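Note that the protein sequences, when read in sequence, are chains A and B. Numbered according to the numbering used here, the first sequence terminates at residue 534, and the numbering increases by one at each position without gaps. Numbered according to the numbering used here, the second sequence terminates at residue 788, and the numbering increases by one at each position without gaps.
Since the hints were derived computationally from the structure, they do not count as laboratory data. If you're wondering where the values come from, they're calculated on a predicted model, not measured in any experiment. By construction, the Cβ of each residue, glycine as well, lies at the ideal position given by its N, Cα and C atoms. Check the hints yourself; a few may be wrong.
[Unchecked claim] From the derived model, a few chain B residues whose C-beta atoms are all more than 10 Å from chain A:
1. His674
2. Glu677
3. Gly719
4. Lys758
[Said to hold, decoys possible] Just a sample of chain A residues kept apart from chain B, beta carbon distances all over 12 Å, derived:
5. Ala59
6. Ile130
7. Asn172
8. Leu291
9. Arg533
[To be verified] Here are a few chain A residues that face chain B, going by a calculated C-beta distance under 7 Å:
10. Asp18
11. Leu116
12. Thr226
13. Asp236
14. Leu238
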Amino acid sequence: MSAESEKFNLSEWIFTTDHKRIGVMYLIGSIAAFGVAGIMAILIRIEQSSLGPTLADDALTAGQQYNEWLYFHGAAMILAFLIPGLTGFAANYFLPLMIGAADVAFPRINALSVWLFWCGIIVALLGFVIPDTPDIMWTGYPPYSILTGGNTAFYVFTVHLLGFASILGAVNFLVTVIYMRAPGMGWNQLNMFVWSTVTAFVIQLVFVPVLAAAVTMLLFDKYLGTHFFDPSAGGDVLLYQNLFWFYSHPAVYVILLPALGILYEVVATFSKNKIFNYKAGVYGGMWGVVLISGEVWVHHLYISGMPNWIRVGMMISTLLISLPVGLLAISLFGTLYKGAITFELPMKYAISCLFLFLIGGLTGIPLAITALDLHLSETSFIHAHFHYIMGIFATFSVFAAVYYWFPKMTGRMFNEKLGTIGFWLNFIGVNVTFLPLFKIGIDGMPRRYWNYEMFPQFETWHFVAMIGALLVAAGMLLTVSNWIISAFNGEPASDNPWKSKSLEWTHTVSPPGPGNFLKPVEVETDWTPYDYRK
Amino acid sequence: MSQSTSAEHAHHWEVSWAPLVATFGALFLIPFAFSAYYVYEDTFLTVIFAGIGTPLMLAGIAKWVSEGITEKPLLEGVSPSGLPYFIVSEVFIFLGFFVSYWVIRLSAGNAWPPEGTPEINMFMPVIMTVILVASSITYHVAEEKYDHDDLEGFRKWLIISIGLGAIFLGCTIYEYGHLLHLGFGPSTNAYSTIFYTITGFHASHVVIGLGMFIAILIPALSGKTNKYFVFCAGVYWHFVDVIWFFVASQVYFW
Ligand code: HEM
Ligand SMILES: [Cu+2]
Numbered sequence: 001m002s003a004e005s006e007k008f009n010l011s012e013w014i015f016t017t018d019h020k021r022i023g024v025m026y027l028i029g030s031i032a033a034f035g036v037a038g039i040m041a042i043l044i045r046i047e048q049s050s051l052g053p054t055l056a057d058d059a060l061t062a063g064q065q066y067n068e069w070l071y072f073h074g075a076a077m078i079l080a081f082l083i084p085g086l087t088g089f090a091a092n093y094f095l096p097l098m099i100g101a102a103d104v105a106f107p108r109i110n111a112l113s114v115w116l117f118w119c120g121i122i123v124a125l126l127g128f129v130i131p132d133t134p135d136i137m138w139t140g141y142p143p144y145s146i147l148t149g150g151n152t153a154f155y156v157f158t159v160h161l162l163g164f165a166s167i168l169g170a171v172n173f174l175v176t177v178i179y180m181r182a183p184g185m186g187w188n189q190l191n192m193f194v195w196s197t198v199t200a201f202v203i204q205l206v207f208v209p210v211l212a213a214a215v216t217m218l219l220f221d222k223y224l225g226t227h228f229f230d231p232s233a234g235g236d237v238l239l240y241q242n243l244f245w246f247y248s249h250p251a252v253y254v255i256l257l258p259a260l261g262i263l264y265e266v267v268a269t270f271s272k273n274k275i276f277n278y279k280a281g282v283y284g285g286m287w288g289v290v291l292i293s294g295e296v297w298v299h300h301l302y303i304s305g306m307p308n309w310i311r312v313g314m315m316i317s318t319l320l321i322s323l324p325v326g327l328l329a330i331s332l333f334g335t336l337y338k339g340a341i342t343f344e345l346p347m348k349y350a351i352s353c354l355f356l357f358l359i360g361g362l363t364g365i366p367l368a369i370t371a372l373d374l375h376l377s378e379t380s381f382i383h384a385h386f387h388y389i390m391g392i393f394a395t396f397s398v399f400a401a402v403y404y405w406f407p408k409m410t411g412r413m414f415n416e417k418l419g420t421i422g423f424w425l426n427f428i429g430v431n432v433t434f435l436p437l438f439k440i441g442i443d444g445m446p447r448r449y450w451n452y453e454m455f456p457q458f459e460t461w462h463f464v465a466m467i468g469a470l471l472v473a474a475g476m477l478l479t480v481s482n483w484i485i486s487a488f489n490g491e492p493a494s495d496n497p498w499k500s501k502s503l504e505w506t507h508t509v510s511p512p513g514p515g516n517f518l519k520p521v522e523v524e525t526d527w528t529p530y531d532y533r534k
Numbered sequence: 535m536s537q538s539t540s541a542e543h544a545h546h547w548e549v550s551w552a553p554l555v556a557t558f559g560a561l562f563l564i565p566f567a568f569s570a571y572y573v574y575e576d577t578f579l580t581v582i583f584a585g586i587g588t589p590l591m592l593a594g595i596a597k598w599v600s601e602g603i604t605e606k607p608l609l610e611g612v613s614p615s616g617l618p619y620f621i622v623s624e625v626f627i628f629l630g631f632f633v634s635y636w637v638i639r640l641s642a643g644n645a646w647p648p649e650g651t652p653e654i655n656m657f658m659p660v661i662m663t664v665i666l667v668a669s670s671i672t673y674h675v676a677e678e679k680y681d682h683d684d685l686e687g688f689r690k691w692l693i694i695s696i697g698l699g700a701i702f703l704g705c706t707i708y709e710y711g712h713l714l715h716l717g718f719g720p721s722t723n724a725y726s727t728i729f730y731t732i733t734g735f736h737a738s739h740v741v742i743g744l745g746m747f748i749a750i751l752i753p754a755l756s757g758k759t760n761k762y763f764v765f766c767a768g769v770y771w772h773f774v775d776v777i778w779f780f781v782a783s784q785v786y787f788w
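Isolated chain A, as found in the complex (with noise of 0.2 Å):
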């Protein structure tokens, strides 16, 4: 039974508690995120591409709203696209598949965390509509989020909100993947991304709720007067800091590993192998990651005042997490090795976001060694850094989930030359934005001025950047537009078009029903999502 035959209800669709529809839904909320934050970071390249006020006659404007598209752009990129496209869209609609079951474990909790997200994607929007747009970055340090005319209280609601979703996510899906696994699917024979998952809404679970704290205390301190990050009376300004990245660097793992949790079904698919050295990339990546996540932060706050003994330790438990961040790279690059390998779209994004990964981690390197980082920080190259790895690697994965599901969520199939065409423009594109952004950060450009007047030197390349994210634009343009054509008009695909061997492919037809399979689900105790032997 397909979708197809059955007639579009608009009210089935906005009361939906199918954790496939809540997938679609926070895909489209997550890519209009990704939108309208992407307009945001074209128009910070325009501005930067040239020295002085660009978009603006003034240089008041110019640098005020500059920081209003930077405030926008940081933040919703990575609470409202990056996290929600993996946890929300990603792990909703296929999560379930995976592991045979017909919902998640609490459908009705499920679209209250799918509307909490829309909620936080509107106050963040809304943001645009009032008079006083918050302009206090992503990270809303104080003491200027207290200070600033800017509204910082829709900056800390869309924090809760989105915080609240996740949280109602984790409890959903950590009781899913433990109580409603398909009879005989035993702990290793979950698909990596099952994994992937579990062990990012861990992170979440315990994370995300220091952060909440941390706003609501700065929401107090801006519209009740407390003092909690007021030090002449007794507060502790850096003590925001330490909440907020005690949060946010265990975030960037909630990113990376669904991240690297898709780039292993769709590597392991397109080789046609099993995965290389699954323990170790489960229990001693993905959960040795979780277990170290939570004592890196400070990292992020070696310039902020600290005596060299803390930063020691912190450069140490830092270049820790290369540890398991080493053993997953290990398995997922040896997934490839002697396997039959073909490059369809999905597989092009895949095999990029390895490269991308290499990039992105190898410079966290020199940060996490706090002599080097001392110079590097706050200039181009933590942004290059961070980019490469979130906003590109993380994004290509979206991509690459998009992709390679696309035929299983609409029972079609996409453009193959559009896309390809797309990707090329966007991995062009990204890397002629962002290996600039190394090369004048070591030379010592600032991070987050909208003016560089000091520094001519650097004109050059913030051209050239600029020209890279127009590039991206246009990829991006035909990448999306691609997905909504194909969705309607694409040649309809068959239930396995990949020859996979995961339950989302092999057992369900393509878009799945109510209740996913026609039915219920067993399997064998040989049984793995990777066995491509027979």
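Assemble the complex: chain A is given as a structure, and chain B with the ligands must be docked to it using the hints.
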């Protein structure tokens, strides 16, 4: 726990308007009304937003509860397994506040409580502790009655628990009023910052717990109950009780 087969559910898309309506109610009631009042200082707008949000939220919750009581879930009896995870995250949000308190408190050294703090009546937290513990016990009795199919007794002890919870909140309100009268408000000093935030945050949990009790009581009056609701509300209430020990010992007696 038994997972019903997918075939039973395969014929139609499951829907419920409760989550959507409750969420938008919450959006108006909290972010919008708060911003209207504190950011834009517009009382009229505040009243409008709260006026839209409150009924939406109540309607959503009412619908949710009635569905939860009558419908057969996909996985019977799973809510008690989900609640502990939620409580883990609650613990961490309290930890966020407590850690902030400890940092501020320890860096103040001997200058504590800071200037501007009036004498705080230590009798009050003792009474409040007794009341809250008593309510945990009375709810336990209610659960016993429920397990023995004594609906009459269940309702009686549930109402007593609700009464005790309400008295606890009354004590909080009285105490706040008294302290505000002495000129000790949230913005007075670092201690008042902590005091109002932590006790207030705890009180908000008491409100949620009471809300759960009332959501159980109303259908119970016409004989409808759900044993997992009854169990979960109890676990949550005991959790709120345990947190209170930390609040009282750290904020009042340290
Ligand atoms: C081995 C891996 C990594 C190491 C050692 C590392 C190290 C660092 C360090 C030390 C900083 C702070 C530099 C400063 O502000 O002075 C930083 C910034 C950042 N990193 Fe990484 N990183 C790694 C991987 C990642 C990953 C996987 C992500 C995301 C998925 C990520 C996202 C970020 C972000 C967003 C920032 C900047 C945040 C801001 O200041 O706004 N990093 N990284
Ligand atoms: Cu970090």
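Verification of the hints:
no.: 1; hint: His674; verdict: holds, 25 Å
no.: 2; hint: Glu677; verdict: holds, 22 Å
no.: 3; hint: Gly719; verdict: violated, 8 Å
no.: 4; hint: Lys758; verdict: holds, 18 Å
no.: 5; hint: Ala59; verdict: holds, 27 Å
no.: 6; hint: Ile130; verdict: violated, 8 Å
no.: 7; hint: Asn172; verdict: violated, 7 Å
no.: 8; hint: Leu291; verdict: holds, 16 Å
no.: 9; hint: Arg533; verdict: holds, 29 Å
no.: 10; hint: Asp18; verdict: holds, 6 Å
no.: 11; hint: Leu116; verdict: holds, 6 Å
no.: 12; hint: Thr226; verdict: holds, 4 Å
no.: 13; hint: Asp236; verdict: holds, 6 Å
no.: 14; hint: Leu238; verdict: violated, 9 Å
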